Amino acid sequence: MGILGKSGENNVLKNTISQRKLSGISALILTFIAVSMSLFQIYSNSFGLIPEMQKTNIHVSFLLALAFFLYPTRRNAQNGNPRFYDYLLVFIAAILPLYMAFRYNAEFARIGDANSVDIFIGTVTIIFILEATRRTLGP
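Numbering (the working numbering), first residue to last: 81 to 219.
Each hint can be trusted.
Per label pair, the in silico range of CB-to-CB distance:
(1) Ile175 - Glu132: 13 to 23 Å
(2) Tyr184 - Lys101: 33 to 43 Å
(3) Ala107 - Phe188: 37 to 47 Å
(4) Thr136 - Phe112: 19 to 29 Å
Just so you know, these hints were derived from the structure itself, not from any lab.
In this text, all values refer to a predicted model and were calculated from it rather than measured experimentally.
For glycine and all other residues, C-beta sits at the position ideal for the given N, C-alpha and C.
Please construct the entire structure, taking both the sequences and the accompanying hints into account.
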């Protein structure tokens, strides 16, 4: 038994666990994303010669998709399958970092001279990362 006692530990767990309990097609989509991420990590770290900037952006894309898929907007929100807007957020969160991954050669050629689209995509990506952090760690 810890410092908080049995009931205190249960309250802490109840207040910190807000992950969705997925079923049906949502569980299959989650499994696909997670397995794809694992296979990408194995490939890119073992066999693939992918530049670090591209690898990092793809990694962030997978993590953002998982965070928005697994964690609801509010801690006390419905704990079931994601709603339509959650799927939209997952899609946008996954696409944003991929913009930089697929535009790697153009970025490399400009040597960091970002244009307005790059700045916009970067700003929105940072906002999505902060929101994913808020969802996973809580307010």
